[in-house]
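Model the full assembly from the supplied sequences, consistent with the hints where possible.
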Amino acid sequence: MRMTGPLERVLSAFLTDPVAPRYGYELMKAARLPSGTLYPLLARLERHRLVASAWETPQQEGQRPRKYYRLTGAGIRVARLELAEASARRQRPAARAVRPARESQG
Amino acid sequence: MRAERALLRIGECLVGLARRQLPRRGREERYREWLAELPAILHDPQTRPAAVRAVRMLGYAVDTPRGAVLTRIRARRPPGRGVTVIARALLAVGMYELTVGVWGVVLAPGEPLSYLRLAWGVLLVAYPVSLLVRSAWRVSTLIVTSQCLAGSAVNFWDAARAPADWVNYFNAAFLLLIVPALWIAIWITSRRSRARQA
Numbered sequence: 001m002r003m004t005g006p007l008e009r010v011l012s013a014f015l016t017d018p019v020a021p022r023y024g025y026e027l028m029k030a031a032r033l034p035s036g037t038l039y040p041l042l043a044r045l046e047r048h049r050l051v052a053s054a055w056e057t058p059q060q061e062g063q064r065p066r067k068y069y070r071l072t073g074a075g076i077r078v079a080r081l082e083l084a085e086a087s088a089r090r091q092r093p094a095a096r097a098v099r100p101a102r103e104s105q106g
Numbered sequence: 001m002r003a004e005r006a007l008l009r010i011g012e013c014l015v016g017l018a019r020r021q022l023p024r025r026g027r028e029e030r031y032r033e034w035l036a037e038l039p040a041i042l043h044d045p046q047t048r049p050a051a052v053r054a055v056r057m058l059g060y061a062v063d064t065p066r067g068a069v070l071t072r073i074r075a076r077r078p079p080g081r082g083v084t085v086i087a088r089a090l091l092a093v094g095m096y097e098l099t100v101g102v103w104g105v106v107l108a109p110g111e112p113l114s115y116l117r118l119a120w121g122v123l124l125v126a127y128p129v130s131l132l133v134r135s136a137w138r139v140s141t142l143i144v145t146s147q148c149l150a151g152s153a154v155n156f157w158d159a160a161r162a163p164a165d166w167v168n169y170f171n172a173a174f175l176l177l178i179v180p181a182l183w184i185a186i187w188i189t190s191r192r193s194r195a196r197q198a
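Residue numbers (our numbering), protein chains in the order written: chain A, 1 to 106; chain B, 1 to 198.
Which chain A residues face chain B? A few, computed with CB under 10 Å, are given here:
id	residue
1	Y23
2	S35
3	P40
4	A43
5	W55
6	Q63
7	K67
Rough simulated footprint, nothing fancy, chain A against chain B, three-plus residues with beta-carbon under 8 Å:
id	segment
8	19-33
9	36-43
Okay, derived cross-link-like pairs now, SDA-like style, lysine to any residue, Cα gap no bigger than 20 Å in a straight line:
id	chain 1	residue 1	chain 2	residue 2
10	A	K29	B	D44
11	A	K67	B	L42
12	A	K67	A	V19
13	A	K29	B	T47
14	A	K29	B	R56
If you're looking for bench data, these hints aren't it; they were derived computationally from the structure. What you are looking at is a predicted structure, and each value in this text was computed from that prediction instead of being measured. Positions of the beta carbon are idealized from the N, C-alpha and C atoms, including for glycine.
As structure tokens, this is what we get:
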């Protein structure tokens with residue numbers, strides 16, 4: 001799966017509490033993404049079986065049940081790995097930029 | 001309370017529009033999910049004041065059609081290697097036709113045929129692009145149909161100028177035949193998929 005900025009934000013939002021179930025709106029707020037970006041991403045994650053979804057049982061009569069999402073076991077592993085790789089990728093160019101400066105000092 | 005109900009109704013209307021754009025598989029589930037989120041956003045205790053909640057709810061609903069279209073496009077399988085090669089070849093031909101069309105318009109701005117050729121070039125570029133970016137099939141069908149019509153118009157024009165040249169008639173007839181063949185193929189495919197779902 002190709003790592004994009006919005007995907008990284010969604011995975012980070014999930015990983016703040018990996019086992020907690022999250023509603024779409026909750027993820028939107030946490031990842032700061034609009035609904036038009038979030039739901040296709042969630043569909044993609046579900047297709048790859050990294051996220052599982054379920055319907056809640058309504059607590060009040062007449063209330064519409066909401067759907068919640070949770071990272072699967074594989075999802076937690078992949079999310080941690082992908083986020084670590086993305087962070088390493090970001091740090092690599094910075095490290096390369098710093099190295100010559102240190103060499104010139106020595 | 002009345003304003004809240006009116007807002008919810010607007011949101012539901014927008015989500016209803018988005019529902020039509022969703023792929024058949026999972027359409028109702030996604031629609032129910034979006035509908036259930038609307039009152040939750042409108043009554044979110046963490047967001048204040050109420051006006052912000054209302055704007056958020058409407059923003060959520062307004063953006064759902066985009067999400068529906070993206071979901072549908074991403075649900076489609078990526079084109080195979082063969083299709084990609086053909087699409088790239090078509091793109092090259094389309095770029096050539098487009099350049100010839102632009103050049104024709106520059107040389108003879110009063111000539112209607114140049115504009116037709118230009119339109120054909122644009123469509124010839126648009127079709128492989130729509131294949132490569134996996135656009136919705138309706139858009140692709142529309143592009144192919146208009147491409148065939150523009151192409152046959154160009155050939156008829158050529159035939160009128162050179163009535164003895166049978167190649168123009170053949171080309172025009174061939175392009176015109178593609179349109180009903182395409183629509184019949186779509187009709188059969190959609191009937192089959194409907195029957196399979198039933």
